[in-house]
Structures are given as structure tokens and as C-alpha cells.
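**Q** Residue numbers (the numbering used here), protein chains in the order written: chain C, 1 to 396; chain X, 1 to 396.
No distinction is drawn between identical chains; accordingly, a pair holds when it is met within one copy or between any pair of copies.
Here are the computed lysine to aspartate or glutamate pairs in the EDC-like style, where the Cα-Cα straight-line distance is at most 20 Å:
id: 1; residue 1: K29; residue 2: D393
id: 2; residue 1: K344; residue 2: E94
id: 3; residue 1: K344; residue 2: E61
id: 4; residue 1: K29; residue 2: D129
id: 5; residue 1: K28; residue 2: D129
id: 6; residue 1: K28; residue 2: E149
id: 7; residue 1: K344; residue 2: D368
id: 8; residue 1: K344; residue 2: E328
id: 9; residue 1: K29; residue 2: E149
id: 10; residue 1: K28; residue 2: D393
Since the hints were made in silico from the structure, they are not lab data.
There are 2 protein chains.
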Amino acid sequence: MSAFAAPVPDQVPLPPGFRAGGVHCGLKKNGDPDLGILLADQPVEAAAVFTRSRLLGAHIEVCRDHLARSNGMVRAVLVNARNANCATGRQGVEDARACCRELATRLRCPTEQVLMASTGPIGAPLPTDRIVSHLDALLARASADRGIEFARAIMTTDTHAKVAHWHLAQAEATGFAKGAGMIHPDMATMLAFLLTDARTGAAGTMEALLRRVADRSFHRLTIDGDTSPNDTLLLLASGRTAADAGEVETALTRIGSRLARQIAADGEGATRLVTVQVRGATTEEQAVHVGRTIATSPLVKTAIAGRDPNWGRILSAAARAGVAFPSESCRVWIGSTDVFAGGKPLPGNEPAAHRHLSEEREVVLGIDLTIGTANADVWTCDLTAAYVQINADYRT
Amino acid sequence: MSAFAAPVPDQVPLPPGFRAGGVHCGLKKNGDPDLGILLADQPVEAAAVFTRSRLLGAHIEVCRDHLARSNGMVRAVLVNARNANCATGRQGVEDARACCRELATRLRCPTEQVLMASTGPIGAPLPTDRIVSHLDALLARASADRGIEFARAIMTTDTHAKVAHWHLAQAEATGFAKGAGMIHPDMATMLAFLLTDARTGAAGTMEALLRRVADRSFHRLTIDGDTSPNDTLLLLASGRTAADAGEVETALTRIGSRLARQIAADGEGATRLVTVQVRGATTEEQAVHVGRTIATSPLVKTAIAGRDPNWGRILSAAARAGVAFPSESCRVWIGSTDVFAGGKPLPGNEPAAHRHLSEEREVVLGIDLTIGTANADVWTCDLTAAYVQINADYRT
Numbered sequence: 001m002s003a004f005a006a007p008v009p010d011q012v013p014l015p016p017g018f019r020a021g022g023v024h025c026g027l028k029k030n031g032d033p034d035l036g037i038l039l040a041d042q043p044v045e046a047a048a049v050f051t052r053s054r055l056l057g058a059h060i061e062v063c064r065d066h067l068a069r070s071n072g073m074v075r076a077v078l079v080n081a082r083n084a085n086c087a088t089g090r091q092g093v094e095d096a097r098a099c100c101r102e103l104a105t106r107l108r109c110p111t112e113q114v115l116m117a118s119t120g121p122i123g124a125p126l127p128t129d130r131i132v133s134h135l136d137a138l139l140a141r142a143s144a145d146r147g148i149e150f151a152r153a154i155m156t157t158d159t160h161a162k163v164a165h166w167h168l169a170q171a172e173a174t175g176f177a178k179g180a181g182m183i184h185p186d187m188a189t190m191l192a193f194l195l196t197d198a199r200t201g202a203a204g205t206m207e208a209l210l211r212r213v214a215d216r217s218f219h220r221l222t223i224d225g226d227t228s229p230n231d232t233l234l235l236l237a238s239g240r241t242a243a244d245a246g247e248v249e250t251a252l253t254r255i256g257s258r259l260a261r262q263i264a265a266d267g268e269g270a271t272r273l274v275t276v277q278v279r280g281a282t283t284e285e286q287a288v289h290v291g292r293t294i295a296t297s298p299l300v301k302t303a304i305a306g307r308d309p310n311w312g313r314i315l316s317a318a319a320r321a322g323v324a325f326p327s328e329s330c331r332v333w334i335g336s337t338d339v340f341a342g343g344k345p346l347p348g349n350e351p352a353a354h355r356h357l358s359e360e361r362e363v364v365l366g367i368d369l370t371i372g373t374a375n376a377d378v379w380t381c382d383l384t385a386a387y388v389q390i391n392a393d394y395r396t
Numbered sequence: 001m002s003a004f005a006a007p008v009p010d011q012v013p014l015p016p017g018f019r020a021g022g023v024h025c026g027l028k029k030n031g032d033p034d035l036g037i038l039l040a041d042q043p044v045e046a047a048a049v050f051t052r053s054r055l056l057g058a059h060i061e062v063c064r065d066h067l068a069r070s071n072g073m074v075r076a077v078l079v080n081a082r083n084a085n086c087a088t089g090r091q092g093v094e095d096a097r098a099c100c101r102e103l104a105t106r107l108r109c110p111t112e113q114v115l116m117a118s119t120g121p122i123g124a125p126l127p128t129d130r131i132v133s134h135l136d137a138l139l140a141r142a143s144a145d146r147g148i149e150f151a152r153a154i155m156t157t158d159t160h161a162k163v164a165h166w167h168l169a170q171a172e173a174t175g176f177a178k179g180a181g182m183i184h185p186d187m188a189t190m191l192a193f194l195l196t197d198a199r200t201g202a203a204g205t206m207e208a209l210l211r212r213v214a215d216r217s218f219h220r221l222t223i224d225g226d227t228s229p230n231d232t233l234l235l236l237a238s239g240r241t242a243a244d245a246g247e248v249e250t251a252l253t254r255i256g257s258r259l260a261r262q263i264a265a266d267g268e269g270a271t272r273l274v275t276v277q278v279r280g281a282t283t284e285e286q287a288v289h290v291g292r293t294i295a296t297s298p299l300v301k302t303a304i305a306g307r308d309p310n311w312g313r314i315l316s317a318a319a320r321a322g323v324a325f326p327s328e329s330c331r332v333w334i335g336s337t338d339v340f341a342g343g344k345p346l347p348g349n350e351p352a353a354h355r356h357l358s359e360e361r362e363v364v365l366g367i368d369l370t371i372g373t374a375n376a377d378v379w380t381c382d383l384t385a386a387y388v389q390i391n392a393d394y395r396t
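One chain only, chain C, in its complex shape:
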């Protein structure tokens, strides 16, 4: 899969005032970095969106508590891979808090200005000693040019690091994400971090902003319909640089969408990045709902794996989304080719649709419901035998 993903740059610029880095503390067996840090020179404003699962990773309770006590001000975010610190009870929460406290001591800041995020298999105690004993090395490593190292440290089954960057007129914005399985709204990704030096407004505004960004980016992504208990999206904004509010939202939404598409392209076992285009819905929310139903259909996803321009499965999936639309007027396309229109299949067009699925690595499916004017795109990947293999063998 990494074969077709956009090449990962050697460097990703961080907004002024931010540093990042990663070290290997012994969680990944192959020696790759597994402990990362995002560091702000001064406390910056933060907002977060967490999983809606009823099972919560321990770091989520700690993040919520720290953000409440710090009034949304954050100095550093510590992230470990290969251990989700989830279903670990009260001890898990104490462990996450201890890691934050140890890092805060070294930064000479209040404990609540440090956040933590964990990702990986659930149920094992967090190896706090191992993490704490590498904090000095991690802090020494953090610099303005090691964003990529952080992106690598948070990878689990990802095959490539996920970064995106956007220049605003005055300011900068950078995003990081990880995730390749157990990916579904809401949240749609396990961990994602957005950094900017732009001024985003008051703390309340910032959370609403982040929620809008998530709704139009990560929440439109699904790999396998499984929501993780650890999903976390954090926005850190130093506010050093004035910026137009609309421009900031656009930049963050584009970064979020790029990261979401990178995650879809890196879906476990995936060979195709799939964009599901829903057109002609009554509301944008309805378009997203129909798009998600198509994007989570195993029959649609296996058809893509088989390069089969199977309009019937797309139409059937849309039809079970609970939205009434006339099959006589609706239209289904693959790539730029209609495969169903006017209530009838267009078998003569299937060869062109097959070529699109066979030759393109980023493929498009679409349906026009013809009941309104609202549109939405949803991203997913194909479902291959390799996905099954990866997840059948994950722990063994």
C-alpha cells in the first residue's frame, strides 16, 4: 500500500514556537521510535475532540481533567505507541498522570499543562518506568525540524508517517496523524494533532472550530467501521500570529482532510483509496450518512478489491441507509463513467469503469440521489484478503 501513498517528505515544517521529536523507549520490538513529544515554547491554547466510544483510553480522562484545570493551556503532549493504556482501570489513569507529572517537572510547568495520548493494543499496563526513563532523551531530541520523527513515533500498523502542512497568509499550520485500522467516525482516526501559530479566538470558539474541522475531515473517513476507545484529535494554537478566522478554518480543514485521506490510503491491507461522492442529498448530514453506509459496505469494498464496477452494490448500500430516493432518476458512477442511470444499468460503460478501478490507485464512486442539493465526500479504502490476514494475526 505504501507503494502508492504520496511520498512522505523528509521534513515537515512546524509553526514557529513548536518543537517535536521521538525516541525508542522499548515498546516497539523493531527499535523504531515509539515515544513522541510535541512541545510549545510557551503554554498555548488547546482544544480536543475525543472518541464517542463508551470505553475510554486512560489518557482521555487525564486530558479532559488537565485541560479543565489548565483552562485549556498546554505546554507539551507526550504520545506513546504500542500500548493503548485502555481497560487498565484506575491504575491506567494514575500511570498516565504520572508520566505527565514527570514531564512537567522537567519542563518546570504545572502538571495539567502536559497532555498524554496512547495508542496500540488494549489491556496491558502502561510501562511507566520505561517511558519516564526516556523523558530526558526525548526532551533533548525535540527540535523544530524533527516533526517527521514524531510522526514515526506514533505509528502502529501504519506503513507510512502521516503529515500535512499549510501556509496561511501570515501563519503556519501542521498536522500529524496515525491510524490504519479500527478507524471509523466518531472519531475517525486514533490520534491526530494540529499545530498552528495562528490566533484562533477564545477557548470556547476554538473547541467549536475544531469540531467543525473534524466533522469535515476525520469524521468522513472509515476504514472498517470500528471506532477505537483512544481516538483523540488535539489542536494546539500559539496565537502568536494574527490570521483571518475563515482562513484558519480552511487551512485546518484541508490539513485534516489530507491526513484523513492519508489514513484511508494506508488502511490495513488496502490497495485503493476510495472517495465516495454523494450528490443531490437533502442535507449535508444526510449525504455524509449515505456516504458512510456505502463506505462501510463490505460488499462495495470487496468489489473495489476485485476491480469490479459493481453499481448494484453501491445502489443497494445507499438504499439501506434509510433515505428514500427514486431509483428511476438516481445516477451511479465509477470514475467519470456512469454505470447506472435512468433506472437502468449501463453495461456498455462497465469496461471504462473497470479500467478506472484497475489503473487508478485513488478511485471514485458516486451516487446522485436527486432529492436535494447537498453534497459530501467520504473516504475509505478497499477490503482485501490482506486486511483479514493482518487482523487475524495481530496479536499472534
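Assemble chain X onto chain C, guided by the hints.
**A** Relative to the frame of chain C, chain X by itself:
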């Protein structure tokens, strides 16, 4: 998969007054029977439950119309495989009606006393000539001892025929089903037929009865989360024999459950029949909802394929069902072995759970939510690389 399914009997008894049979009319390439009939000596009372998809196979409109016009009285049901007659527009409805009319002429009964059901790929016109030209042979074939032939005629990707029979104190009940993919509530199967000579009460009562039966059998089954546009469950009751209403409902529910479990066991590519037991929910409906969420999780289903006693995926799936339950008191088991209890994993028990998944062909997963006293079982199968292969290559 058929390797472990219960052996299909050579014969299945039909209730008195019913005949069945099947012929090959040229829809299946391998020469197997592809056109089946269920025939009652006299018109019998009927009730139906259809798919909730917004895309409907043509036969569903015809069935609804005929049942309304015949006041729920049915003489015969004609079923073809390998062509769903779906997304075929007005012509599809006319085609289905023509088949019913031709059969009714031969039976010297009103057209509306004949129903039809179709299953297979969607979008191709129904080959009515081929079907009609085989009706005489089909009628000649119908007999009291050819239930199995009917069961074979309605198979598509099924690897074995699905039948179940129940002796009531006085009466008999027999069920047939087909389905191996695109299986999900509601309906949970593509086609299923229940026959009984028992008296079931008035037509309105009978439909309510069938809905209760479906809710506790076919609606608790999921293969891949994809609902088909053709799903149809028909109950034909001759009412010849007096029977206790409770006994009839129990018998039909057991037959439905057995058929649903046969469908799960024959899920495309499946190697395990999985029973998901949800205990300690607030309501039965809630228990079913949590069970379905677990049973549709690709991560749970691939773990079973890998014989991985992955309690974390079971717990995570339950946690995203939108039902709040305390992870501290909840319990997760595999087979008869607890793998998570008291807020903690029990790694010492995983070898026994692994043995259950490795050695049994019918496996059990369970969770006690500890928030109430309602229970439900949901049936599914594991998700294997073979499922992907079958569905990637279905049309090619």
C-alpha cells in the same frame, strides 16, 4: 465451510397438504436446479416480512399487491435463483407478474394467489421465457417428498441447502432458507419460507406472529452488515390442524433460529459459526443492538478467523454501541472461559479460550453488561480472506 455444517438430510418432511420441487431452467451454469415451487393443495393463509431496504426487488411489489388482492390467500410460491429481478424498473414488475399469471393459469387459480421470489445478482432482466417454458415440468415435479429439491433450487452462493422441521403435538412445520452473503437485519436473510398445517389465527394475527418470529430468529443474524433488496420471509399456514398458538410460535421461532444459524454457518468464506451472547442489558432490544454491533465488527470477526481470544475487540465493539455500561463490573467470555472481568483482562485464561476457538466449529462470545436482566443471542460467522475472495470475484 460445508465441511462442518450439520449434514443436510436427504428428505425433509412437508406438512400435510404441501408439495415442493425444483427444476433446472438454465439460470445456473452448472445445471443445478434454479427454479423452485412451493405448492398448497388448496389456497392457504399467508403472511410476509420483507427487506427494509429502500431498493426493492420487483417480486416484493408483486407479492405485496397479490397478498392484498387475495386477502392473504396463497396457492403457490415460485422462486428463481441467479437473477434478483431488482433495479429492473417497471419491466421487472411486469415480468414477475407474468410468471405468476402463467403459473396461475396452469393451477386454475387467480393470479393473485401465486407469489414469486427472486434472488441473485441485480440489474439483469428476468428471463421470463425460460422460466415460463419450465413451469409444466416444475408442476409435474412437485411432490410431498421433494422439499430438499426446492431447498437446492433457491441456493446461490450457499454451499449447502438449509432446511428445518418441527413436530408440533398435532401439526407439522417446515422451513427453507437460502443466503450466504449480503446478510443483515432487517431482513437478515434473502429468502426464507415457513410452512405449517397448523391453525395460526386471523390474517392480521398471522402477520404479527411472523414478525415476532423474525425478530427472534432471522433478525438476529448478520453475515456482513449488508441488507439485500430482495429479502423475503413467507409463512404459509393451511390451518388444517388445530394447534396451541404458543406452541406454533415456539415451533416457528425454533425453525427460524435453526435456519438463521445454518445461514451463519454457511456465511461466505466462514469457518466458524459464532453465537454472540449479550447478558445483563436493560432491554432485549438493547441486548440485540449490542450483539449486532459485536457481530458486525470486522475486527471481532477477523480475530475469530485468527483464533485470537481478543477480548479487547469484543469490549471495544460493545462500547461503541452507544449503551453505557461499567467496564469495571462487566465480564467478557469466550466459550466457557472468562477473558475479562472486574475491569481487568485475565491473560491466564486465554489459552483455554484459544483452544475453544481453534477446536470448536460453533464458537461462543459473550459479554455481561451488568446493567439489567435482559438477554439476547445474535449469530454471525468469522470474516476470512475467502469472504473477500468470493466477493471480489463474484461477477468476474
